[in-house]
Amino acid sequence: GAGVSQSPRYKVAKRGQDVALRCDPISGHVSLFWYQQALGQGPEFLTYFQNEAQLDKSGLPSDRFFAERPEGSVSTLKIQRTQQEDSAVYLCASSLTSGIGETQYFGPGTRLLVL
Amino acid sequence: SQELEQSPQSLIVQEGKNLTINCTSSKTLYGLYWYKQKYGEGLIFLMMLQKGGEEKSHEKITAKLDEKKQQSSLHITASQPSHAGIYLCGADRGSTLGRLYFGRGTQLTVWP
Numbered sequence: 001g002a003g004v005s006q007s008p009r010y011k012v013a014k015r016g017q018d019v020a021l022r023c024d025p026i027s028g029h030v031s032l033f034w035y036q037q038a039l040g041q042g043p044e045f046l047t048y049f050q051n052e053a054q055l056d057k058s059g060l061p062s063d064r065f066f067a068e069r070p071e072g073s074v075s076t077l078k079i080q081r082t083q084q085e086d087s088a089v090y091l092c093a094s095s096l097t098s099g100i101g102e103t104q105y106f107g108p109g110t111r112l113l114v115l
Numbered sequence: 001s002q003e004l005e006q007s008p009q010s011l012i013v014q015e016g017k018n019l020t021i022n023c024t025s026s027k028t029l030y031g032l033y034w035y036k037q038k039y040g041e042g043l044i045f046l047m048m049l050q051k052g053g054e055e056k057s058h059e060k061i062t063a064k065l066d067e068k069k070q071q072s073s074l075h076i077t078a079s080q081p082s083h084a085g086i087y088l089c090g091a092d093r094g095s096t097l098g099r100l101y102f103g104r105g106t107q108l109t110v111w112p
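Protein sequence lines correspond, in order, to chains A and B.
Its first residue numbered 1, the first sequence is counted upward by one per residue in my numbering.
Its first residue numbered 1, the second sequence is counted upward by one per residue in my numbering.
Treat the hints with caution; some may be incorrect.
For lysine to aspartate or glutamate, the following EDC-like pairs were computed, each having C-alpha atoms within a straight-line distance of at most 16 Å [claimed, not checked]: (1) B:K51 with A:E102; (2) A:K11 with B:E54; (3) B:K27 with B:E55; (4) B:K51 with B:E67; (5) A:K78 with A:D24; (6) B:K56 with B:E41.
Read the hints as simulated data drawn from the structure, not as lab findings.
This is chain A alone, in the form it adopts within the complex (with noise of 0.2 Å):
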């Protein structure tokens, strides 16, 4: 596709329930970033993949949040047990290749409210 996508756009869900955001990145690009936003705030790195390796996931939360990406293309973040305080914007990004330099481009990103 043209750019990076996101579904769904708006998720609510009750407390406890849990929840699957899903991140399609830009065709071929290796590297793929989960990033939370919280109202009023700079997104927060939540974890990376390189291709199909999860490579940092030190931004994770808790252990409540779960990310894959078994094939290297699409990644899906899991929020388990969901809580109020995991409202917030969950933006997803893609970059051609790793490292330094890399423009990284993001998706419209999920808003989840969880009631």
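Got chain A; can you put chain B on it based on the hints?
Positioned in the frame of chain A, the structure of chain B alone reads:
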């Protein structure tokens, strides 16, 4: 936590006016990215600066990275309503993996 300080937090200008947004880091930057975000949308890439003293322009937007590579400014000339949105700076701190650290953003409103 926010690694970068942006100022001002918000800015309201009349159409046609010039404006500047600043981004300051306490650590040396390997790369500095400027993005624009509109409500409900993702981040749109504007420019990336890597070298100290570097300056880049696109249409009416100019970004500079100071010699010490710890501060960047984004300047908009003759602002238009289409420039309205949230401007975010993102820092590459030299990680081989390329993760970015973002400021809180500057909310720009341009009134006709």
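A quick look at each hint next to the structure:
no., hint, result
1, B:K51 with A:E102, "holds (14 Å)"
2, A:K11 with B:E54, "violated (41 Å)"
3, B:K27 with B:E55, "violated (20 Å)"
4, B:K51 with B:E67, "holds (8 Å)"
5, A:K78 with A:D24, "holds (15 Å)"
6, B:K56 with B:E41, "violated (25 Å)"
Of the numbered hints listed earlier, those contradicted by the structure are 2, 3, 6.
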